[in-house]
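Model the full assembly from the supplied sequences, consistent with the hints where possible.
Quick mapping for you: the protein sequence lines, in order, are chains A and B. Each residue of the first sequence is one higher than the one before, counting from 69 in the working numbering. Each residue of the second sequence is one higher than the one before, counting from 69 in the working numbering.
Check before you lean on any hint, since a few could be wrong.
[Stated by the list, open to error] Just so you have them, the derived chain B footprint on chain A, three or more residues with Cβ under 8 Å:
1. 74-84
2. 104-112
3. 133-147
4. 173-180
5. 250-260
6. 303-313
[As the list claims (entries may be wrong)] A short, non-exhaustive set of chain A residues, derived as facing chain B with CB atoms under 7 Å:
7. A152
8. G154
9. N155
10. P156
11. L231
12. S232
Calculated from the structure, these hints are not laboratory results. No residue lacks a Cβ here, since even glycine has one placed at the ideal position from N, Cα and C.
2 protein chains.
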Amino acid sequence: MKQEKILNISVDCVVFGYDINTKSLNVLLIKRFLESPTKKEVLVDDYVLTGYHVYKNETLGDTASRVLKELTGLTNQYKKQFKAFGNPDRLLNPKDLIWIENEGFNPRTITIAYYFLLKTEDVDLKANKHKAKWFPVTDLPELGFDHEKIIAEAYEDLKVKCLSEPIIFKLLPDKFTINEVQDLYQSILGIEIDNRNFRRKLINKKYIIALDEKQVGVSKKPAQLYIFSMDVYRKMFQKNYLISI
Amino acid sequence: MKQEKILNISVDCVVFGYDINTKSLNVLLIKRFLESPTKKEVLVDDYVLTGYHVYKNETLGDTASRVLKELTGLTNQYKKQFKAFGNPDRLLNPKDLIWIENEGFNPRTITIAYYFLLKTEDVDLKANKHKAKWFPVTDLPELGFDHEKIIAEAYEDLKVKCLSEPIIFKLLPDKFTINEVQDLYQSILGIEIDNRNFRRKLINKKYIIALDEKQVGVSKKPAQLYIFSMDVYRKMFQKNYLISI
DNA sequence: TCAAAAGTGTTCTCTGTACACCCATGT
DNA sequence: ACATGGGTGTACAGAGAACACTTTTGA
Chain A
69 MKQEKILNIS
79 VDCVVFGYDI
89 NTKSLNVLLI
99 KRFLESPTKK
109 EVLVDDYVLT
119 GYHVYKNETL
129 GDTASRVLKE
139 LTGLTNQYKK
149 QFKAFGNPDR
159 LLNPKDLIWI
169 ENEGFNPRTI
179 TIAYYFLLKT
189 EDVDLKANKH
199 KAKWFPVTDL
209 PELGFDHEKI
219 IAEAYEDLKV
229 KCLSEPIIFK
239 LLPDKFTINE
249 VQDLYQSILG
259 IEIDNRNFRR
269 KLINKKYIIA
279 LDEKQVGVSK
289 KPAQLYIFSM
299 DVYRKMFQKN
309 YLISI
Chain B
69 MKQEKILNIS
79 VDCVVFGYDI
89 NTKSLNVLLI
99 KRFLESPTKK
109 EVLVDDYVLT
119 GYHVYKNETL
129 GDTASRVLKE
139 LTGLTNQYKK
149 QFKAFGNPDR
159 LLNPKDLIWI
169 ENEGFNPRTI
179 TIAYYFLLKT
189 EDVDLKANKH
199 KAKWFPVTDL
209 PELGFDHEKI
219 IAEAYEDLKV
229 KCLSEPIIFK
239 LLPDKFTINE
249 VQDLYQSILG
259 IEIDNRNFRR
269 KLINKKYIIA
279 LDEKQVGVSK
289 KPAQLYIFSM
299 DVYRKMFQKN
309 YLISI
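The structure is reproduced here in structure tokens:
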């Protein structure tokens with residue numbers, strides 16, 4: 069059964085992927101390309117987020133999950149609705165108008181933006197039909213629509229959230245080293261962290277559990293591996309009301 | 069010139085008002101009432117948030133401001149978009165369906181929810197045409213649609229935000245006493261705070277400025293008045309990257 | 001044996017927290 | 001004079017921040 073689209077409401081997905089090897093936080097973007105009928109002129113040539121219209125019978129979260137699955141094949145990744153974008157002029161740049169006319173969708177569309185957190189290594193781009201590509205969040209290509217703004221706001225939200233919630237582990241493999249966590253924080257926040265203080269802090273958390281296992285296949289001293297236990301975290305967690313204004 | 073509505077997109081506003089006298093954080097709600105044609109039966113009798121459809125040519129934020137102005141006459145109050153609600157069944161309770169049919173709007177509407185922070189004393193309910201009424205956020209009446217959920221999420225967001233941003237002062241008069249700030253935190257968070265520690269903490273902030281002025285017309289020792297300086301706050305403000313997971 | 005990254009301790013400062021009484025004022 | 005809420009100080013504990021060298025391993 070074919071689902072019916074809601075023509076003026078879409079969901080856009082900022083897919084954050086962390087590459088543990090290059091220590092780079094990336095965003096997954098798809099190519100947008102359009103030539104004039106005579107092929108003499110390139111009308112649109114840039115990148116955009118993936119998104120899609122909301123179906124009549126699905127929740128906004130379902131739309132986001134569907135978009136992610138279509139793009140990456142992945143399900144059950146960390147997902148966060150962070151903002152709706154609905155300025156009347158958000159799709160009205162000249163090249164966007166050309167694109168919209170070509171695709172036949174509503175220039176007055178509002179979009180509910182989500183972000184996902186996952187590992188770049190979990191995505192197989194070879195099999196991808198959208199010419200999807202990872203770009204470092206700090207070095208994005210030319211973007212269509214208002215997607216630069218959407219990514220910026222997603223990134224801002226992520227920066228804030230990763231300080232107070234253990235979402236960082238969604239970007240790492242199950243088994244990780246302390247230094248990998250530190251590298252990730254440094255990538256996301258763009259700061260330097262003292263290794264001794266950071267290490268002590270993390271190791272003291274009961275929900276960061278040392279395994280009986282070390283890295284293998286590295287050409288140096290193999291590091292201790294740890295896992296994050298959401299169960300332990302939840303049991304320990306208690307709201308603190310520290311007012312820091 | 070009459071604006072054209074977007075029929076399936078609305079903005080709902082959670083208007084938080086703090087009553088400094090009763091020390092109560094309230095939400096402004098409007099009455100929803102409908103009788104059967106014979107007037108024998110009450111079909112709908114509850115409260116809802118104010119909201120309205122988005123116009124074709126306005127931003128979502130403009131819609132929210134318009135709704136607030138219509139309801140309270142106020143402009144330039146603190147406003148925050150916190151979430152979009154778009155479940156296909158969010159307006160499909162029996163009484164909501166009756167209401168929707170009567171009002172003639174789209175049962176598959178998604179809403180962008182905002183909250184406002186202001187002082188109850190700034191709102192004149194006498195002149196109000198919607199039978200608007202304040203209800204303590206902890207003691208709400210029966211609510212229509214999914215508005216109970218929307219209020220709960222707004223309140224949750226407010227609780228978190230007030231710990232890290234100086235939005236609390238939007239709920240207080242320009243000149244306030246330290247104890248009034250404490251009472252407000254206690255109301256919002258539902259906790260008890262040690263007065264000496266709290267007082268020291270606040271007074272040490274450079275952007276909490278003691279005036280050459282005390283309370284007047286109180287039948288006890290009049291308290292020192294302070295103001296919050298957003299200018300000083302902004303100058304001092306620097307992001308801290310304290311990881312507390 | 002060397003290169004590379006892993007891992008390790010101490011000191012100081014600051015902030016949070018617990019806790020109980022006197023003070024100033026208006027009535 | 002008295003009732004009411006305003007205002008005050010100290011001591012302890014815990015966490016953050018600064019800081020440099022040794023260790024382990026694979027190649």
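Now for the hints, and whether the structure bears them out:
Only residues whose C-beta sits within less than 8 Å of a C-beta in chain B count toward coverage, and the region 74-84 of chain A has 3 of them, enough to reach three; the restraint holds. Counting residues of the region 104-112 of chain A whose beta carbon lies closer than 8 Å to any beta carbon of chain B gives 0, which falls short of the minimum of three for the stated coverage. Only when three residues or more bring their CB closer than 8 Å to a CB of chain B does the claim for the region 133-147 of chain A stand; here the count is 0, and the claim is violated. Remark: the region 173-180 of chain A is confirmed as covered by chain B, as 3 of its residues place a Cβ nearer than 8 Å to a Cβ of that chain, reaching the required three.
Closer than 8 Å: that is the beta-carbon criterion, and the region 250-260 of chain A has 3 residues meeting it against chain B, so the requirement of 3 holds. Interface restraint, the region 303-313 of chain A with chain B: holds (5 residues with C-beta to C-beta distance below 8 Å; minimum three). With 7 Å as the threshold, the beta carbon of A152/A comes within range of chain B, its nearest partner Cβ sitting at about 4 Å, so the hint holds. With a least beta-carbon distance of about 4 Å to chain B, the hint placing G154/A at the interface is held under the 7 Å criterion.
Among the interface hints, the one on N155/A holds; its C-beta lies about 5 Å from the nearest C-beta in chain B, closer than the 7 Å criterion. Using the Cβ-Cβ criterion of 7 Å, the hint placing P156/A at the interface with chain B is satisfied: the shortest such distance is roughly 5 Å. A distance limit of 7 Å between C-beta atoms decides the matter here; for L231/A the minimum to chain B is near 6 Å, and the interface restraint holds. Because the smallest distance between the Cβ of S232/A and any Cβ of chain B comes to about 6 Å, under 7 Å, the interface hint for this residue holds.
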